[in-house]
Amino acid sequence: MRLMIMFDLPTETAQDKKEYRQFRKKLINEGFLMVQYSIYVRVCVTRQTANFLEKRVKKFLPQGGVVQSLMVTEKQYNDMHFLVGKPIVDVRNQSDRTVIL
Amino acid sequence: MGWRSVIITQHAKLTYSMNMMIVQTRDGINQIPITDINLLLVSTTQAVITSALISKLAQNQTKVIFVDEKNEPVTETVDYYPGARTMAKLSKQFSWDQDRKEKLWTKIVNQKITNQIMVLRNYHLNGQAVQDELNQLEVNDSTNREAMAARKYFLTLFAGDFVRRDGSAVNSALDYGYAILLASFNRSIAVSGYISYLGIHHHSEENQFNLASDLMEPFRPFVDYWVKANDQITELTPDIKYGLVELLNLEIKFNGKKTLLTNAINGYVQSCLRFLSEESKALPGMEMSLTNEVPNDALNDNV
Numbered sequence: 002m003r004l005m006i007m008f009d010l011p012t013e014t015a016q017d018k019k020e021y022r023q024f025r026k027k028l029i030n031e032g033f034l035m036v037q038y039s040i041y042v043r044v045c046v047t048r049q050t051a052n053f054l055e056k057r058v059k060k061f062l063p064q065g066g067v068v069q070s071l072m073v074t075e076k077q078y079n080d081m082h083f084l085v086g087k088p089i090v091d092v093r094n095q096s097d098r099t100v101i102l
Numbered sequence: 421m422g423w424r425s426v427i428i429t430q431h432a433k434l435t436y437s438m439n440m441m442i443v444q445t446r447d448g449i450n451q452i453p454i455t456d457i458n459l460l461l462v463s464t465t466q467a468v469i470t471s472a473l474i475s476k477l478a479q480n481q482t483k484v485i486f487v488d489e490k491n492e493p494v495t496e497t498v499d500y501y502p503g504a505r506t507m508a509k510l511s512k513q514f515s516w517d518q519d520r521k522e523k524l525w526t527k528i529v530n531q532k533i534t535n536q537i538m539v540l541r542n543y544h545l546n547g548q549a550v551q552d553e554l555n556q557l558e559v560n561d562s563t564n565r566e567a568m569a570a571r572k573y574f575l576t577l578f579a580g581d582f583v584r585r586d587g588s589a590v591n592s593a594l595d596y597g598y599a600i601l602l603a604s605f606n607r608s609i610a611v612s613g614y615i616s617y618l619g620i621h622h623h624s625e626e627n628q629f630n631l632a633s634d635l636m637e638p639f640r641p642f643v644d645y646w647v648k649a650n651d652q653i654t655e656l657t658p659d660i661k662y663g664l665v666e667l668l669n670l671e672i673k674f675n676g677k678k679t680l681l682t683n684a685i686n687g688y689v690q691s692c693l694r695f696l697s698e699e700s701k702a703l704p705g706m707e708m709s710l711t712n713e714v715p716n717d718a719l720n721d722n723v
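Line by line, the protein sequences are chains P and L. If you want the numbering used here, it's the 1-based position in the first sequence plus 1. If you want the numbering used here, it's the 1-based position in the second sequence plus 420.
No lab work stands behind these hints: they were computed from the structure. Fair warning: there could be bad hints in the mix.
Okay, the calculated bits of chain L under chain P, using three or more residues with CB under 8 Å as the criterion [to be verified]:
#1 446-454
#2 635-647
#3 657-670
Under the rule of at most 20 Å between Cα atoms (straight-line distance), these lysine to aspartate or glutamate pairs were calculated in the DMTMM-like manner [unchecked claim]:
#4 K490/L - D659/L
#5 K476/L - E31/P
#6 K76/P - E671/L
#7 K512/L - E699/L
#8 K476/L - E496/L
#9 K27/P - E55/P
#10 K527/L - D659/L
#11 K678/L - E75/P
#12 K433/L - D91/P
#13 K512/L - E698/L
#14 K648/L - D586/L
#15 K56/P - D80/P
#16 K60/P - D97/P
#17 K701/L - E522/L
#18 K678/L - D97/P
Beta carbons: idealized from backbone N, C-alpha and C, even for Gly.
Throw the hints in and build the complete structure from the sequences for me.
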């Protein structure tokens, strides 16, 4: 499973910017990987863990803006077409159970 | 609960930052969330690891295994205070009912020998000699059929003149595989809050992992099965080692359900411990078998 978090946040005031920075940092702390600006993805073992993770994200949402979440299966995620550009090579963007470094 | 096995094979620096394990190698920087990691095998003596990282991994109850200069596993981390450990559990463990221990051990030996026969059949070898030993199994294996069966089994599996302790590549591969297996049993036992010293059959004073040594027995044949497929090896190459770690993700049938070996281990350990602590009446189910074909479904590896 993949949990994707997509957001658009206001950056008008200093308070907005602070909220944005904190939100982004917390996402990274939860193990999310930025695949594009404002689109973050995290591998989850089961739908249950994806739901659990979504609940954790709900605890640190910013006040304004739009934040969307989407759960897709590994198959669906891997079927994504890259019309331009290439996928990010990063351990966090793979779901192999064994990682050799 | 982690689900990843991470193997470090080259000159690297392992540090901790923002809930992540940072691995700096010659090729660049890799970051892996701590909570994803189930097992970290530092398969090189050229890695540096910070105490902050070790401490965080311990809090997440990740097993960390280190190797010696011959690249064979020599030590692993054992956590002091897993979250589930309580005084009540420990006093139960110290007074596990003798009768239950014997029943469970009998079943474990039974399952181990059954699995050995399964491995032999899988390679179209004659399992009759081992089957004969199984037929003579008594309560608590008082006649030590386990050892007799193992002897005959290894002779059948790896041709006539095979000796289990001669330092050959096949033996090293078996030992390597067992070490990885033992570590994941230790992890599972520790996570459940029990201590690994106090076993039900093994009682060596030097063995820190008596309980894991007991419980892992039925799973050893999976390592044998894998090594047999590669028994032409003359050297324990890195690929063989990775394969043995990857073996934890082998798909097997456990109590009628398809599952990954590592998940089967966790479920199995818990049901054994519940039985010993008299939280469940029935002996734990431990029917397991290989799924029909050699695992080649690429998606099996993925979550």
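| Are K648/L and D586/L close enough, with their CA atoms no more than 20 Å apart? | holds, 17 Å
| task | Would you mind confirming whether the straight-line C-alpha gap from K527/L to D659/L stays at or under 20 Å? | result | violated, 34 Å
| field | Holds or violated: K60/P to D97/P, with C-alpha atoms at most 20 Å apart | value | Not satisfied, since the Cα-Cα distance of roughly 29 Å exceeds 20 Å.
| said: For K76/P and E671/L, compute the direct alpha-carbon distance and say whether it is at most 20 Å. | reply: Holds: K76/P and E671/L sit about 19 Å apart, inside 20 Å.
| message | Hinted pair, alpha-carbon criterion (20 Å max): K512/L, E698/L. Please report holds or violated. | response | holds, 9 Å
| said: Hinted pair, alpha-carbon criterion (20 Å max): K433/L, D91/P. Please report holds or violated. | reply: holds, 17 Å
| query | K490/L and D659/L: Cα distance at most 20 Å? | reply | Given pair K490/L, D659/L holds - Cα atoms ~15 Å apart, limit 20 Å.
| query | Would the pair K27/P and E55/P pass a check requiring their Cα atoms to be no farther apart than 20 Å? | reply | Holds, at roughly 13 Å.
| query | Under the criterion that the straight-line Cα-Cα distance not exceed 20 Å, is the pair K476/L, E496/L satisfied? | reply | holds, 15 Å
| query | Taking only the CA atoms, is the gap from K678/L to D97/P under or equal to 20 Å? | reply | Holds, at about 19 Å.
| field | Pair hint outcome, K476/L versus E31/P [Cα-Cα no greater than 20 Å] | value | holds, 15 Å
| field | Restraint status (C-alpha distance of K701/L to E522/L at most 20 Å) | value | Answer holds: K701/L to E522/L is near 14 Å, not above 20 Å.
Going down the numbered hints, you'll see the structure goes against 2, 10, 15 and 16, while the others check out.
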